[in-house]
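Position chain B against the provided structure of chain A, taking the given hints into account.
Each protein sequence line maps, in turn, to chains A and B.
For the first sequence, our numbering assigns the number 1 to the initial residue and increments by one for each residue that follows.
For the second sequence, our numbering assigns the number 1 to the initial residue and increments by one for each residue that follows.
Among the clues, some could well be false.
[As the list claims (entries may be wrong)] Sample of chain A residues facing chain B (criterion: CB under 10 angstroms; computed from the structure): (1) G51; (2) V82; (3) G84; (4) Y100; (5) V102; (6) Y104; (7) G105; (8) Q120.
[Stated by the list, open to error] Far from chain B by the CB rule (all over 10 angstroms, computed), these chain A residues: (9) V5; (10) K8; (11) T10; (12) I31; (13) V39; (14) E55; (15) H73; (16) P91.
Simulated from the structure, these hints should not be mistaken for laboratory data.
Note that beta-carbon positions come from the ideal geometry of N, C-alpha and C, so glycine has one too.
The residues making up each chain are set out below.
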Amino acid sequence: AGTIVHPKATIFAIAGPIVIGSGCIIEEGAIIVNRRKEVMRIGDDNLFEIGCRVESPTVGNCNTICTRARVHHTLRISSYCVVGAGVLVVPTEDEMLDEYTVIYGPAAERRVWSGRGKVQEMDLRRKHAEYLREMLPKFNRLRRGDGA
Amino acid sequence: MAPKIEYYCPCLSESPHPPPPNRPSSSYSFHPLHNLFFCEECDAVRCNRCVSVEVSGYYCPNCLFEVPSASVRAEKNRCARNCFLCPNCRNTLTVVPSDPPEDVDSRMSPIVSTTLGEPPFFLYCNHCRWDSAEVGITFEKPTGLAAQLQKFEDSAPESLEFERLKEHFEPFLRASSSSSALPSASSHHVHTNPITAAASSALARDIPGVGKYNPLSRSRVGREKGAHRQEYPDYKSRVEVGTALSGEADVEFLRHLETVSQVAALEQRWTNSWVSPLSASDLKPLRIPLQSKKSKRCPSCRHILIKPEQKAQSVRFKIKLVAANYLPAIAVTLPHAQAAIEMLKRTSKTTSAAAQAEEQQAAGALIAGHSYSFHLAFTNPLYDPIQIRLAKAIAPAQTAEGDEAAERARRSTFQIQLPSAAFPVGAFAEAWEYDDEDEAMFLDDDGMEVVEARGKKGKDGRGKTRSVGIVEKRANVTIVSGEVLIPKEARGDVKFNMLVSYTYRSDDPEPSEEAQTGTPSRSHGANKGPEMKNFSFYTVVDLGSIMYREEPKLTADL
Numbered sequence: 001a002g003t004i005v006h007p008k009a010t011i012f013a014i015a016g017p018i019v020i021g022s023g024c025i026i027e028e029g030a031i032i033v034n035r036r037k038e039v040m041r042i043g044d045d046n047l048f049e050i051g052c053r054v055e056s057p058t059v060g061n062c063n064t065i066c067t068r069a070r071v072h073h074t075l076r077i078s079s080y081c082v083v084g085a086g087v088l089v090v091p092t093e094d095e096m097l098d099e100y101t102v103i104y105g106p107a108a109e110r111r112v113w114s115g116r117g118k119v120q121e122m123d124l125r126r127k128h129a130e131y132l133r134e135m136l137p138k139f140n141r142l143r144r145g146d147g148a
Numbered sequence: 001m002a003p004k005i006e007y008y009c010p011c012l013s014e015s016p017h018p019p020p021p022n023r024p025s026s027s028y029s030f031h032p033l034h035n036l037f038f039c040e041e042c043d044a045v046r047c048n049r050c051v052s053v054e055v056s057g058y059y060c061p062n063c064l065f066e067v068p069s070a071s072v073r074a075e076k077n078r079c080a081r082n083c084f085l086c087p088n089c090r091n092t093l094t095v096v097p098s099d100p101p102e103d104v105d106s107r108m109s110p111i112v113s114t115t116l117g118e119p120p121f122f123l124y125c126n127h128c129r130w131d132s133a134e135v136g137i138t139f140e141k142p143t144g145l146a147a148q149l150q151k152f153e154d155s156a157p158e159s160l161e162f163e164r165l166k167e168h169f170e171p172f173l174r175a176s177s178s179s180s181a182l183p184s185a186s187s188h189h190v191h192t193n194p195i196t197a198a199a200s201s202a203l204a205r206d207i208p209g210v211g212k213y214n215p216l217s218r219s220r221v222g223r224e225k226g227a228h229r230q231e232y233p234d235y236k237s238r239v240e241v242g243t244a245l246s247g248e249a250d251v252e253f254l255r256h257l258e259t260v261s262q263v264a265a266l267e268q269r270w271t272n273s274w275v276s277p278l279s280a281s282d283l284k285p286l287r288i289p290l291q292s293k294k295s296k297r298c299p300s301c302r303h304i305l306i307k308p309e310q311k312a313q314s315v316r317f318k319i320k321l322v323a324a325n326y327l328p329a330i331a332v333t334l335p336h337a338q339a340a341i342e343m344l345k346r347t348s349k350t351t352s353a354a355a356q357a358e359e360q361q362a363a364g365a366l367i368a369g370h371s372y373s374f375h376l377a378f379t380n381p382l383y384d385p386i387q388i389r390l391a392k393a394i395a396p397a398q399t400a401e402g403d404e405a406a407e408r409a410r411r412s413t414f415q416i417q418l419p420s421a422a423f424p425v426g427a428f429a430e431a432w433e434y435d436d437e438d439e440a441m442f443l444d445d446d447g448m449e450v451v452e453a454r455g456k457k458g459k460d461g462r463g464k465t466r467s468v469g470i471v472e473k474r475a476n477v478t479i480v481s482g483e484v485l486i487p488k489e490a491r492g493d494v495k496f497n498m499l500v501s502y503t504y505r506s507d508d509p510e511p512s513e514e515a516q517t518g519t520p521s522r523s524h525g526a527n528k529g530p531e532m533k534n535f536s537f538y539t540v541v542d543l544g545s546i547m548y549r550e551e552p553k554l555t556a557d558l
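Chain A on its own, in the form it takes in the complex (with noise of 0.2 angstroms):
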């Protein structure tokens, strides 16, 4: 209910199943593969940008990964998390993030997040999602009788 899905996003549930709440935005070139058999679970209201991949077992809610940024399977994505543009998260063991934490640089150093601004970005995300619902149908080249 009210996910975007760009046409050149690739969901790809290969082993198991993929369940994507609402309100998400996934962009061109993102990549969400789930190559485990367990049920792999997407929140509500997070941005998957441009060229990123995406094979964390859970994801909570209102998250941003940013541009290129690669999240291996053995981490797990809490709620309100950044993984910043380009950003290769790679743990050695099973790990999960904690709230409001923000990836960044080539390093991927964390620190975390205050929570400052998060309405105003959240606002920010409704009105990304309504402005794609609105253009997306109209340049789909494939499905051009829906949109038109």
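Showing chain B alone in chain A's frame:
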């Protein structure tokens, strides 16, 4: 280890000959073509090392606002507007309003009440999500932040101390500068800024061992200065120096450290001019330092080589005398390496990227005991056709350690064969003006000493291009091939200096043609009308390292 070619800039040295390329120190004299400039007056190549640089303007890299040089000093080289640097990740900070108060649950809350948002505003980094509220800096208005921060800066203990110091020394500075006999300009200093007064009297200070320069009578000034010096009372600082600068607070902090990340990293601290706090959580946002636009001049004739535009956002130049517009661009390729790479690509498609890179390197390697041909592609930037002549550079006389050592050295180095006759390169013109390509290809190679070397299109390494000569001529590019013979005992890099000289017809009423190579020659003649001009430069051609193998792993098709 791809083969490359670099150009030599003599950098105003006396001998025009370049140093032998195998010495590691000589790599500083050689530059790729895009780093070089060309002075038309002196007719010489200039590189970044010998050019004189001056600042042409300052701008803020964030807001692209050009700062007039007068305010640069006033604002201490920082942007005066709202541009700040995140202390954590050194990205730019944005000014952000706080969240509106949440009374209802956020799911259905309306859009933020006003477009400007609500106070208090704070700085926020989009990349690492740091915000200035963590260090306690908030603003009431979203603009003019620098002024609001100025209050904080001024109340820092260091700047208060500095102010007190200035006040303390001011009367003495005025007294000493007014009584000094320096040229009349100093008498105006009585009413100026104490900083300038301090600077000028520091210049006039007594330096032991150096006689004081004084256009007027010396002894009078010396005596007066000495008298004044004894009248300085002691300066009482505001804070006890011992405790302020002692590291006790720092030691305590370090003792209670839990993780390394609590200490501020070096990159985070050194942009700050003052001593910055040790702990990462205390780092304050900094105003963004200004960057400068520079213009470059030729060191000998002071002609401007590079002059950027005044606008900060434009990357173009008003004057741009780069060497690429005058010197032919040369590209070196090893045809056997390319052929091997093609074969590899076609056969193995599933090897990983790292393995492929290694194989490509191995394919291009120069194996001792073989001889390889290499291609040099010359691109002519001028609007006239030119004639290029290549020569091996003569190394300057080296001290011989002994006859035997020199003999061995000479035997074990590689031999180069270059086409020795002059070959033309066509003029540069727009793409649609060129004649049909086939016409140029069938031109006869006159004056070639060696067996003709006309391979089809020249890119195919399997063609019979073993010998030396022109390979291909197309539009304004000519490809010639040379040969390198590597004896079995050779080691190291295959690098040799090559002298390239070319003659071109110019419209200036300049001198007669000189067939000499070796130095940029321009004899002054009285002839009018278009004449041939001559220019030459040295380059170093690096073909890669010699790899020693018993038998070749890949059958290079030669």
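For each hint, the structure was consulted:
1. G51: violated, 17 angstroms
2. V82: Since chain B brings a Cβ to about 6 angstroms from V82/A, closer than 10 angstroms, the hint holds.
3. G84: holds, 6 angstroms
4. Y100: Because about 9 angstroms separates Y100/A from the closest Cβ in chain B, which is inside the 10 angstroms limit, the hint holds.
5. V102: Cβ of V102/A sits 5 angstroms from chain B, so the hint holds.
6. Y104: holds, 5 angstroms
7. G105: Holds: closest Cβ of chain B sits about 6 angstroms from G105/A, inside 10 angstroms.
8. Q120: holds, 6 angstroms
9. V5: Per Cβ check, V5/A is outside 10 angstroms of chain B; nearest 22 angstroms; holds.
10. K8: Fine: 24 angstroms to the nearest Cβ keeps K8/A off the interface.
11. T10: Holds, because the least Cβ-Cβ distance between T10/A and chain B comes to about 21 angstroms, which exceeds 10 angstroms.
12. I31: Consistent with the label, I31/A stays out of reach of chain B, its closest Cβ about 19 angstroms off (over 10 angstroms).
13. V39: holds, 25 angstroms
14. E55: Answer for E55/A: holds, closest chain B Cβ roughly 20 angstroms.
15. H73: holds, 21 angstroms
16. P91: P91/A clear of chain B: closest Cβ-Cβ about 17 angstroms, beyond 10 angstroms.
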